[in-house]
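Student: Below are the chains, spelled out letter by letter.
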Amino acid sequence: MKFGILVNEGPYTHQASDTAYLFAKAAVEKGHKIHRVFFYHDGVYNSSRLTEPPQDDRHIVNRWQKLAKDHHIDLVVCVAAALRRGVKDENLQEGFRISGLGQLIESGIQADRLVVFGD
Amino acid sequence: MTEATGGIEMEEDTSGKIKKFLYVNRKAPYGTIYALESLEVVLIAAAFDQDVSLAFIDDGVYEIAKGQHTKAIDVKNFSPTYRALEGYDIEKLFVEKESMDARGLKEEDFIVPVKVINAAEMADLMQSQDVILSF
Numbered sequence: 001m002k003f004g005i006l007v008n009e010g011p012y013t014h015q016a017s018d019t020a021y022l023f024a025k026a027a028v029e030k031g032h033k034i035h036r037v038f039f040y041h042d043g044v045y046n047s048s049r050l051t052e053p054p055q056d057d058r059h060i061v062n063r064w065q066k067l068a069k070d071h072h073i074d075l076v077v078c079v080a081a082a083l084r085r086g087v088k089d090e091n092l093q094e095g096f097r098i099s100g101l102g103q104l105i106e107s108g109i110q111a112d113r114l115v116v117f118g119d
Numbered sequence: 120m121t122e123a124t125g126g127i128e129m130e131e132d133t134s135g136k137i138k139k140f141l142y143v144n145r146k147a148p149y150g151t152i153y154a155l156e157s158l159e160v161v162l163i164a165a166a167f168d169q170d171v172s173l174a175f176i177d178d179g180v181y182e183i184a185k186g187q188h189t190k191a192i193d194v195k196n197f198s199p200t201y202r203a204l205e206g207y208d209i210e211k212l213f214v215e216k217e218s219m220d221a222r223g224l225k226e227e228d229f230i231v232p233v234k235v236i237n238a239a240e241m242a243d244l245m246q247s248q249d250v251i252l253s254f
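In order, the protein sequence lines correspond to chains A and B.
Okay, so the first sequence: first residue is 1 according to our numbering, each after it adds one.
Okay, so the second sequence: first residue is 120 according to our numbering, each after it adds one.
Derived from the structure by calculation, the hints contain no laboratory data.
Treat the hints with care, since some could be wrong.
What the hints assert, rightly or not - From the structure, some residues in chain B lie toward chain A, with a derived Cβ separation under 8 Å:
| hint | residue |
| --- | --- |
| 1 | Lys136 |
| 2 | Lys138 |
| 3 | Glu159 |
| 4 | Val160 |
| 5 | Ile163 |
| 6 | Leu224 |
| 7 | Glu226 |
| 8 | Val235 |
| 9 | Leu244 |
Just so we're clear, the structure is a prediction, and the values are computed from it rather than from any experiment.
Glycine is no exception: its CB is placed at the ideal position from the N, C-alpha and C atoms.
Hey, can you work out the whole structure from these sequences and the hints?
Tutor: See the structure below:
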């Protein structure tokens, strides 16, 4: 099955991004395809290259980056939500890209299921 | 969409494919940004010629309540934007009766025409959708 994922919360404060990541990882391990993860609301912070968690904690940003690289997942950060929150190309982690909300709608059209993770 | 997809192949064209999208609004209009950013998604979605419906449940019913005055909290009152949805052919707006009743609201308290349905009917509506975006 082809999944699209929407992440609506930032890293660490909420569990949403963790759950979305674990869902995506489990899905690809089962042979499903995640074609896109769209980051919206505070979810855009999941893409910040400036993120530096303590060494004994999970690195949520780099974890998304690696999963996307290994499984050809398109990581899209909403431009309007990102600009509002100071996330720009210059502090965007490699593997993510900034684009419009149209990418979310397109994901809903193309995927068999669009799964929303948020508050 | 013709935007670059970062080297990832988009094997499908979305033109001509129509799905049922339901936007579920569950949050009060102010206090958090969910309601405003949800409305921004709906406005973008209008350009995709999909079958769009909106549902207002829980505190989400306040999003379309009449008489919003936000000057004192220095936040823009975006409620007039809901009236513009009609111009984008988005006319299927549903309010959950239980949420409306619990907050002492009546159908005439909303700034846009809505259809009031109960929780069981809301469940049927959700069941009939292809994509549900909950904010």
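Student: Each hint needs a verdict: does it hold in this structure or not?
Tutor: Tested hints:
Given hint, Lys136 (chain B) at the interface with chain A, holds; its Cβ is 5 Å from that chain's nearest Cβ, closer than 8 Å. The criterion of a C-beta within 8 Å of any C-beta in chain A is met by Lys138 (chain B), whose closest approach is roughly 6 Å, and the hint holds. Here the hint on Glu159 (chain B) is kept, as its CB sits about 6 Å from the closest CB of chain A, short of 8 Å. Because the closest C-beta pair between Val160 (chain B) and chain A is about 6 Å apart, less than 8 Å, the hint holds.
The beta carbon of Ile163 (chain B) is positioned within 8 Å of a beta carbon in chain A (closest approach about 4 Å), and the interface hint is therefore held. Below 8 Å, beta-carbon pairs count as interface contacts, and Leu224 (chain B) has none with chain A, the closest being about 23 Å; its hint is therefore violated. For Glu226 (chain B), the shortest C-beta to C-beta distance to chain A is roughly 28 Å, which exceeds 8 Å, and the interface hint is violated. For Val235 (chain B), the interface hint is violated, the least distance from its beta-carbon to any beta-carbon of chain A being 25 Å, above 8 Å.
The interface hint given for Leu244 (chain B) is violated, since its Cβ lies 17 Å from the closest Cβ of chain A, which is over the 8 Å cut-off.
This entry does not satisfy hints 6, 7, 8 and 9, going by the numbered hints stated previously.
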